[in-house]
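Novice: In order, the protein sequence lines correspond to chains A and B.
Take the first sequence: its position 118, counted from the start at 1, is 118 in the numbering used here, and no numbers get skipped.
Take the second sequence: its position 28, counted from the start at 1, is 28 in the numbering used here, and no numbers get skipped.
Rather than coming from a laboratory, the hints here were simulated on the basis of the structure.
Accuracy of the hints is not assured; some may be wrong.
Cβ-Cβ distance ranges computed for the label pairs, FRET-style [claimed, not checked]:
1. B:A230 <-> A:L162: 51 to 59 Å
2. A:L108 <-> B:V16: 26 to 34 Å
3. B:D10 <-> A:N159: 35 to 43 Å
4. A:T144 <-> B:T312: 45 to 53 Å
5. B:L171 <-> A:Q13: 38 to 46 Å
6. A:L108 <-> B:G120: 24 to 32 Å
7. B:V424 <-> A:R82: 52 to 60 Å
8. B:D218 <-> A:T144: 52 to 60 Å
9. B:E489 <-> A:E76: 21 to 29 Å
To spell it out: a stretch of chain B is covered by chain A in this simulated footprint if at least three of its residues, at any positions, have a beta carbon under 8 Å from a beta carbon of chain A; those stretches are [stated by the list, open to error]:
10. 197-210
11. 240-249
Since the model is a prediction, treat every value here as computed from it, not as a measurement.
All residues carry an ideal CB built from backbone N, CA and C; glycine is no exception.
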Amino acid sequence: MWFADAGIAANAQRIGLSVDMRYAGQNYELSVPLPLGPATPTMIDELGVSFAAAHQRLYGFVAEDEPMQLVTFRAEATGMVRKADLRQSADAGPDARAAAFGRRDVWLRETGTFVSCPLYDRARLRAGNRINGPAIVEQMDATTLIVPGATATVDPYLNLLLELP
Amino acid sequence: MSPLPANRIDPITAEVIGSALSSIVEEMGEALVRASFSTNIKERRDCSTALFDTRGTTLCQAEHIPMHLGSFIGIIPEILKRHPVEAMRPGDVFIGNDAYAGAGTHLPDIVLGEPIFVDGRIVAWAVNTAHHADFADRGHAHIYQEELRIPPIRLYRAGELQGDVQELILLNCQVPRERLSDLRAQMAANRLGVQRMQALCAKYGTETVLAVGDELQDYAERKMRAGIAALPDGTYRFADTYDNPELGRALDVSVEITIAGSEMRLHFDSPPQVRAGINMIYTALLSSVYYAVKAVVDPTILPNSGLARPITVTAPLGTIMNATHPAAVNGRTSTCQRAADLAIGALAQAAPERCIAAGNGSCATASFAGVDPRDGHLWVYLETIGGGSGARACKDGLNGVHVHMTNTSNLPVEALEVEYPLTVLRYEPADGSGGAGRSRGGMGLRRVYRAEAECQLRLDGSRLLTAPWGLAGGHPGGRGAFRLGDDVEPFVNGAGRLRAGETVEIVTPGAGGYGPPAERDPVAVERDLADGRIYLATAAATSCEPRR
Numbered sequence: 001m002w003f004a005d006a007g008i009a010a011n012a013q014r015i016g017l018s019v020d021m022r023y024a025g026q027n028y029e030l031s032v033p034l035p036l037g038p039a040t041p042t043m044i045d046e047l048g049v050s051f052a053a054a055h056q057r058l059y060g061f062v063a064e065d066e067p068m069q070l071v072t073f074r075a076e077a078t079g080m081v082r083k084a085d086l087r088q089s090a091d092a093g094p095d096a097r098a099a100a101f102g103r104r105d106v107w108l109r110e111t112g113t114f115v116s117c118p119l120y121d122r123a124r125l126r127a128g129n130r131i132n133g134p135a136i137v138e139q140m141d142a143t144t145l146i147v148p149g150a151t152a153t154v155d156p157y158l159n160l161l162l163e164l165p
Numbered sequence: 001m002s003p004l005p006a007n008r009i010d011p012i013t014a015e016v017i018g019s020a021l022s023s024i025v026e027e028m029g030e031a032l033v034r035a036s037f038s039t040n041i042k043e044r045r046d047c048s049t050a051l052f053d054t055r056g057t058t059l060c061q062a063e064h065i066p067m068h069l070g071s072f073i074g075i076i077p078e079i080l081k082r083h084p085v086e087a088m089r090p091g092d093v094f095i096g097n098d099a100y101a102g103a104g105t106h107l108p109d110i111v112l113g114e115p116i117f118v119d120g121r122i123v124a125w126a127v128n129t130a131h132h133a134d135f136a137d138r139g140h141a142h143i144y145q146e147e148l149r150i151p152p153i154r155l156y157r158a159g160e161l162q163g164d165v166q167e168l169i170l171l172n173c174q175v176p177r178e179r180l181s182d183l184r185a186q187m188a189a190n191r192l193g194v195q196r197m198q199a200l201c202a203k204y205g206t207e208t209v210l211a212v213g214d215e216l217q218d219y220a221e222r223k224m225r226a227g228i229a230a231l232p233d234g235t236y237r238f239a240d241t242y243d244n245p246e247l248g249r250a251l252d253v254s255v256e257i258t259i260a261g262s263e264m265r266l267h268f269d270s271p272p273q274v275r276a277g278i279n280m281i282y283t284a285l286l287s288s289v290y291y292a293v294k295a296v297v298d299p300t301i302l303p304n305s306g307l308a309r310p311i312t313v314t315a316p317l318g319t320i321m322n323a324t325h326p327a328a329v330n331g332r333t334s335t336c337q338r339a340a341d342l343a344i345g346a347l348a349q350a351a352p353e354r355c356i357a358a359g360n361g362s363c364a365t366a367s368f369a370g371v372d373p374r375d376g377h378l379w380v381y382l383e384t385i386g387g388g389s390g391a392r393a394c395k396d397g398l399n400g401v402h403v404h405m406t407n408t409s410n411l412p413v414e415a416l417e418v419e420y421p422l423t424v425l426r427y428e429p430a431d432g433s434g435g436a437g438r439s440r441g442g443m444g445l446r447r448v449y450r451a452e453a454e455c456q457l458r459l460d461g462s463r464l465l466t467a468p469w470g471l472a473g474g475h476p477g478g479r480g481a482f483r484l485g486d487d488v489e490p491f492v493n494g495a496g497r498l499r500a501g502e503t504v505e506i507v508t509p510g511a512g513g514y515g516p517p518a519e520r521d522p523v524a525v526e527r528d529l530a531d532g533r534i535y536l537a538t539a540a541a542t543s544c545e546p547r548r
């Protein structure tokens, strides 16, 4: 279903099954691979062996007499897709004024006073743009403060590189 | 920038290795919790982990339970005193719990220590302690009644379990299956500590890692000295009382703190030790003081032994706050809470804006033990219940939390009722228990239990007779109370029996307020009133009448 919705071709579909197991009485589980196919006594025994091995590896002991519990069964669907193709942006020069959208008074520890800082929209910054601090760069999910003396440069992948004095 | 002396580690390497040490002890703690079986560890996280250097001073302690530092301070020197280093092998693990043999501040805290070998020599120790919720329904006239005393001895010898030792310990436990599992979880934690420390030495070189350990302790000392030096010199005194259901009365306790330059001396006075489980040994007093002073002076100081160097702690030997053999110590946490509050009360005269009002000042404890009708096995359940935390200069105190020396989670009601023949009838903040002030003190909790099968119950705590004090004009918080249901036979010294269907109600203390109540923001008063956190009378005590 998900494969169809996501447009994953039949030969790029992978399904992994696992079960979270613990000793009865514990509060945390360890994930153990679950083979495909119907549950048989042999398969249950194999799960016990896998769990004991995982427990030994992580905690250094096996509690032979303690009953085990199967807590959560998981199925994981993976679509094998092409790696993202990261493209470099053309250098637009150092002038960042096209991304400026106002000013704000900000209290800066470096000066101990309120300083009028220019505001920049991250989405409108272009590769090669340079901003000297103090300044603020805003984006949907983060705010970057460029302190006085620091310089921000936008790299070809649109990362913001801050160099401190 | 001036060049670093040749023998010094550069600060970046020191920071990286220091953070790695913190990460190792935190990971050890997670392994302990994840591998454990008992509710006290797997849910309530009543355990701590640490790394020590070969002198037995703390390299790093995980930020779990400050009280447990007292379990760690004495353990390595005591092991080294009893066992020659030349005879130690990789995979040796020492176990201990005795308050008078360097291994803990009360017997349920069982310590496991394992030497970390690199290139054939011991470079450090992995240590952890877990509170084994067992040993319930015992006497507390002296330590021999409280539990099996274990000096630091080998539980594992070169990786091989010493079955005889384990058998002896388990036979003295009421719930041996749980004890065995928790001991294995403690083994898992140290094993991880050993592996990670060995990897750290392999990556950076043993000498560098050890040099950083020394440097971090020096750094903690420098920060502590700088913080103390910033406080005004002088002598500050604070007196309070300490009450406990086991005693049924209040005792006078006091502290005198002298700040001189970059050093601080604390002297505690308390009555002679008593035939009850409320006595503290010296390492318990030390951990209480280190916690309180660090919290006030600079909470960012690294949790290692260096911070203790500028601090001197004294108390007359044989008193409640510096008890000697054979004093019983099981319920020492509430007493330690009072020691921490005393120190903070005195330091509030030197740095009022950094101190908080008195918190719930106790470790309200309900310790149940009985025979489970479902399988005939003994069961033991230990519960410690939060209360108010003291109001801060600019913020209200927190409601229903553990404060100061103790820091365990609550056991969710659903998990409790699945595991034990108990039903929780009420669990709620205690109305009106937060002391009024510009900042309000935190609220205590009310928890009501019904026994579904007969069981023995022991109740412990403090601030039943006196209220947690406010600071800078703040009012005191509410007291705690233990109330037995109608048909319950009266308890003796805080202990007694519940039959099936009988109930007990525990109310934990709130906490003191900070600053005059008249200065409280009227909006906050209205919100507290609307939420039922305060009564109308408390609201009226503020100058700002709530709008109707």
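Novice: Is 45 to 53 Å a correct range for the gap between the Cβ atoms of T144 of chain A and T312 of chain B?
Specialist: For T312 of chain B against T144 of chain A, whose Cβ atoms are near 48 Å apart, the range 45 to 53 Å holds.
Novice: Is it true that the C-beta distance of A230 of chain B to L162 of chain A lies inside 51 to 59 Å, as the hint says?
Specialist: violated (33 Å)
Novice: Taking the Cβ atom of E489 of chain B and the Cβ atom of E76 of chain A, is their distance within the range 21 to 29 Å?
Specialist: violated (58 Å)
Novice: Would you check chain A against the segment 197-210 of chain B, counting CB to CB pairs closer than 8 Å, and say if three or more residues qualify?
Specialist: Three-residue rule not met by the segment 197-210 of chain B, so violated; n is 0.
Novice: Is 38 to 46 Å right for how far apart the beta carbons of L171 of chain B and Q13 of chain A are?
Specialist: violated (57 Å)
Novice: Residue count check for the segment 240-249 of chain B against chain A: does it reach three with CB-CB under 8 Å?
Specialist: Violated - the segment 240-249 of chain B has 0 residues with a Cβ nearer than 8 Å to chain A, which falls short of three.
Novice: Is it true that D10 of chain B and N159 of chain A lie within 35 to 43 Å of each other by Cβ?
Specialist: Once the Cβ atoms are compared, 28 Å apart, the range 35 to 43 Å for N159 of chain A and D10 of chain B is violated.
Novice: Could you say whether the range 26 to 34 Å given as a hint is met by the Cβ separation of L108 of chain A and V16 of chain B?
Specialist: For L108 of chain A and V16 of chain B the Cβ distance comes to about 29 Å; the hint holds.
Novice: Using the C-beta atoms of V424 of chain B and R82 of chain A, is the stated range 52 to 60 Å upheld?
Specialist: holds (55 Å)
Novice: Honestly, do D218 of chain B and T144 of chain A meet the 52 to 60 Å range at C-beta?
Specialist: violated (36 Å)
Novice: Are L108 of chain A and G120 of chain B spaced within 24 to 32 Å by their CB atoms?
Specialist: violated (55 Å)
Hints 1, 3, 5, 6, 8, 9, 10 and 11, counting from the list given before, are not met by this structure.
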